[in-house]
Amino acid sequence: MTPRAAAVWGALVLLPAVVHNAYFLNGMILVFIYGTAAQAWNLLGGYGGQLSFGHVVFFGTGAYTSTLLLSMAGVSPWIGMWAGAALATLLSFVVGYPTFRLRRHYFALATLALAEMVRILVLNWPLAGAAVGLYLPLRLMNRPWAMLWNTKPPYYLLSLALFAVACGLVLVTDRTRLGLYLRTIDQDEDAAAALGISGRRYKLLAMGLSAALTALAGTLFAQYVLYIDPSTVLDPSRSVLFAIMALLGGRGTVVGPAAGAAFLTLLSQYAGGALGGLGRGYDYVLYGLAIMVVAVYEPRGLVGVLERLRPRPRPLPGAPAGAAAPSSVPSPDGALPPASATRAPGDPQPPLLEVAGLSKRFGGLEALRDVTLTVRRGEIVGVLGPNGAGKSTLFDCVTGFLAPSRGAVVLRRNGDRRILTGRAPFWIAQQGLARTFQLIRVFPGLTALENLLAGQEHDGEPLLSVFRASPPAVFEQAGTLLRLTGLEAVRDTPAGQLSYGQQKLLGLAMALVRRPRLALLDEPVAGVNLTVIERLKDHIRAQHAQGVTFLIIEHNIEVLMELADRLYFLAEGRVITDGPPRAIQRNEEVLSLYYGR
Amino acid sequence: MELLLTASVDGLVMGLVYALVSLGLGLIWGVMDVINFAHAEYVMLAMYATFFAGQWLRLDPLQALPLVALLGFGAGVATYAVLIRRIVGASMVTQIFATFGLLFFLRYAAFAVFGPNFRGITWGAAAGSVAIAGIPVSAAKVIAGIAALATFAVLHVFLQRTKVGKALQATAQNPTAALALGIEVERMYMLAWGLSIATAGVAGVFLLPFYQVSPAVGDAFLLITFASVVLGGFGSLLGPLLGGVAIGLIEGIAGTMISPTFKLVFVFAVFLLVLFVRPGGLLGRDPA
Amino acid sequence: MMARDRVTRRNFLRLAGGAAALAAGGWRAGPAAAQADEIKIGALYPLSGSLALVGAGSKRAVDLAVEIVNTAHPELAPLTLAAPAGLPRLGGRKIRVVWADAKDPATARAEAERLIDQEKVVALMGCYASAFTATASLAAETKGIPFLNAESSSPTLTQRGFKWFFRTGPHDAMFTTMFYQMFADLKKRGRRIARFAILSENTEFGATAARVEEEMGRQQGYQLGAREMYTSPPASLDAELTRIRAANPDVLIANGYLIDAVMTIKTLKTMGYVPPALVVQDSGYVVPDYLKSTGKDGWYVISRASWALGLGVRKPLVNKVNDLYRSRHNEDMDETNARSFTGLLTLADAINRGGGTSAIQILQGLLTTNVPAADMVMPWQGIKFDRDGQNMYASGVMVQILDGRYKVVWPFDLAETPIVWPAPAWNKR
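Residue numbers (my numbering), protein chains in the order written: chain A, 1 to 597; chain B, 1 to 288; chain C, 1 to 429.
I should point out that these hints are in silico values taken from the structure, not numbers from a laboratory. If you're wondering where the values come from, they're calculated on a predicted model, not measured in any experiment. Every residue gets a Cβ at the ideal spot worked out from N, C-alpha and C, and that includes glycine. Any given hint might turn out to be false.
Restraint-style ranges between C-beta atoms, simulated for each label pair [what the hints assert, rightly or not]:
| no. | chain 1 | residue 1 | chain 2 | residue 2 | range |
| --- | --- | --- | --- | --- | --- |
| 1 | C | ASN427 | B | THR94 | 53 to 63 Å |
| 2 | B | TRP56 | C | GLY404 | 19 to 29 Å |
| 3 | B | ILE146 | A | VAL94 | 32 to 42 Å |
| 4 | C | GLU38 | A | ALA17 | 29 to 39 Å |
| 5 | A | LEU289 | C | ASN427 | 50 to 60 Å |
| 6 | A | ASP459 | B | LEU273 | 30 to 40 Å |
| 7 | A | LEU138 | C | PRO424 | 47 to 57 Å |
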């Protein structure tokens, strides 16, 4: 922590000793409580890209759970608040799990619907006080175990502590792999899956943390205000408030929601009468306008605006000291087969990927018909064919982006067979398959370096390890690749700003960061100039020398001739023929189908 | 049994009204893949427009209809020109919070200008009730239901039988191809927005005689319209129609037969269920 | 690490801003400048948001009451403190109300604390909505400042064992008791009342009222035919009213706000059904917009009222005060702000008799309050607080909407016109 940051937090801690104005302390307490909820929202909506419009339901769950436990069973809120957090997390999974695979609007609406349902249910539930609400047991006033005090400072310190935890959690997310993965999922979930990142896993993690944190804020709110009812802790406008605080301040940043919470709470407390008076709601009109402006011009809110005025480089995601030194050849991952620099032609190699009888129908259209192909370990196999032959569809079926109508895809790994048919893309990727896409998919908002970091090995990655930065070996690997692909100069440039050729190189590098067993490349040299083509070829060869097997779709015959050991020719969804490149080149059927002769 | 019949008839008529309100939402969603969170606010504004047309110009709803529909069309085009065209093709998040900001802006601008009071009208021609299957239903609601069906029909004919309508459909299916064919996609989007808000205008005109307006009225309709479009599925006009009627029936029947207190809970539960099981809705198109 | 700088900068500015505000004695203009001998009373009402209209009405009434206290109005005698100017036992000192906006329960409490700590008010009154009153009075209780409530009707407010909380107006249970007393009276006069139904909105107001209505009904041997709760404002009440009609009640008790009330009447008319009597807990049915929206269809509804202009028939003071109010604001007082009006007078009276502005003195004054019936515009037998701080004489009257006006119909000895029960069917109006 920098000395300045320490000074600020220190000042905040000491504030109640110096300032006794209860009205001001009240404002600060609410800033911390709402700020916690805003940061929690930010975790899910800022980093995870899942906008929740019903977040108040977690706030209310926390408040009601701990309060009911206290007044009915005498359970201390210090314990009750965790019960509330657990319940909120569970509730969040109920909504998140089914909707995360859908577009974000659905999640937003589902949270809204959930919040309304819970509100109506609680409103009619006599045990929870129904509409009358619940008073906290005042007879327990000034007993610390009951979290009830007569003065403001204890609440101030407690809410400050919670707020610090919230900010800390967001900071950790921002600087470690969790934030990286969430942002990849936010920007392109499919591309993230192709790298082996499970969108659902990390979204659920973010969701759970977010819900739990919001619930804790709810408990604290109840303990402070001493009275809760559905209109205060389950009110839909509060969901909106949390979202606005994060949005206007700057979602996906550490400071944004804190600034937003401080600004809006203090504004409402001190100047609310001027703007919001007479029931006319002028303040909300301004908020609405502000949100639209922010949405269109600066999605990163206030923080984004300030950053534009004074750009600072983003801190490297936890770069360990001295990571820049490249090693000549990164050491191979233990599970990979040993690098074989040379391969005697004709050596029978064990099969790595087996595709058998694969068919895919789209309604009446049969895109793939009974496709069978094999890729042996250490080979470079090419796939060519006219447009519409089904090549990309084949890739999609193999890598799990499409489910085949019939047939099987099997991966052989260290002697055992893994059936890939119908499994999720991220799982398949974790088995050692990497792919690139015909239309380049890089993460536009991440720097080139971050794009590469996203490609690190995810198979068997323990959940808790994401709260740490990427390991040094990965940084080294990434650094090497940047050099090899000539992208070192644009290391810190957002990928969205790179040229087409640079993005192509980056896309290839991303797929190969973790040294997959099998790399499926979809038209890797399409649309780029000769220099870049050479670079790409070199890179493929270099990786091949390290033991990576390739399956490449290409239209560029020369490249395939140079690189491939074998070619498959696909047309109208069927394998027409296969064999060594020279043979394919002279094949009558191929020529007629391809060139119309 | 009579209870069930009453509930069903009520639900059906109300469902047609929901369908009308949802129509515009589904249209934009289908054509340009933008979800307008602020749609219900335009209905609210249309209701106010109808109210003031009555107060200042002495127009009854039927007379005010062309005026309000035209205003709605203009508002839709204006919204597109000022805000939406800047976010077409932007990320989901940007779209969501842009239309969300719009919701806020419209609703609280209405608070500021009109105040929080409820206002209603009594439309002489629509007073009294009409018997449907022996059940008396408020005439104003029946008229709204008929207006809903008429609007759907008109829009259907427009989309299927006119050149412009077909161009709109083409744009919805594949904007790039449409562009290549010489269709001005930008104009189509403007048209879609104009039509969408115009239908919101029609909905507002026929809602006012039996439903009082206040700036917060959009709230009540927001989730229901979404539920209707999701339930009915998109890809055609039939989606919002079926969805709206389905929601109306669920609300009416479950509400009357089981418990009116929880009728919204039933609606939302069904909505969530549909999201979980078949997000494409009854007519399903894969929305993922 | 650059981003950290921004953390510190932002928070630092926040801190600086807060400190500056503090130094200036609060962002608002400092404690309201007071005349040396003015006595400050805090008033917390919803001045913004959905209840702003009600708050505004109470404000007008309270401001009028302040004026009556501070200046000599011998023509209004024997209204409390009308005759003298200022508080006689305190040397004619005047009172001054400091207003604050009670937007939601948390803010109400914060504002109450601000009024006490910074504005240094000697007593508080407010807040209309029971939820706001609950938290604001909590602040007063912890700080030992008297809190007078005039309009909130939730019974729980006087069941908290508070020492400093006083309520002049009746609460829901007392109103509902009236309903059943009226039913009993009517049964004696030959009406058949055996089965009842409840239609209620389900926030604090409605839910509490409904609960009391049901309990009392059962206790007194009535049969509950149907009990329908809904969320206000409702999109439709068809389902609820259909079920109620199926239950065939002799009386329908309704608790609802304006839009609910209008919708209830319209739906009943569409259904062609009218229960023999529609008895309501005022609220939506007594707001002026109700009759504007329903016209003749809205007649014959019987509402509880803690006050009605019709009382002026038997109590001229009511008309005199109302005329004064009307001359200022071009409309009549209503039963909410009549209570606010009386509340302020009661508080001022207590301060006067307590002999000083310390909290204890005012508390003494409140505890010994005993205002006779003739000194107020309310229909109560007096104002005297029981051990819980509740005015034991708080009660109401029942009014019925007849010929477009609210006329007192019960208790029969205060009635200005005979009650119409059962209400005539739709086609007979």
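Consistency of the hints with the structure:
1. ASN427/C <-> THR94/B: 53 to 63 Å: For ASN427/C and THR94/B the Cβ distance comes to about 59 Å; the hint holds.
2. TRP56/B <-> GLY404/C: 19 to 29 Å: For GLY404/C against TRP56/B, whose Cβ atoms are near 26 Å apart, the range 19 to 29 Å holds.
3. ILE146/B <-> VAL94/A: 32 to 42 Å: holds, 41 Å
4. GLU38/C <-> ALA17/A: 29 to 39 Å: This hint holds: roughly 35 Å between Cβ atoms.
5. LEU289/A <-> ASN427/C: 50 to 60 Å: holds, 53 Å
6. ASP459/A <-> LEU273/B: 30 to 40 Å: holds, 35 Å
7. LEU138/A <-> PRO424/C: 47 to 57 Å: holds, 52 Å
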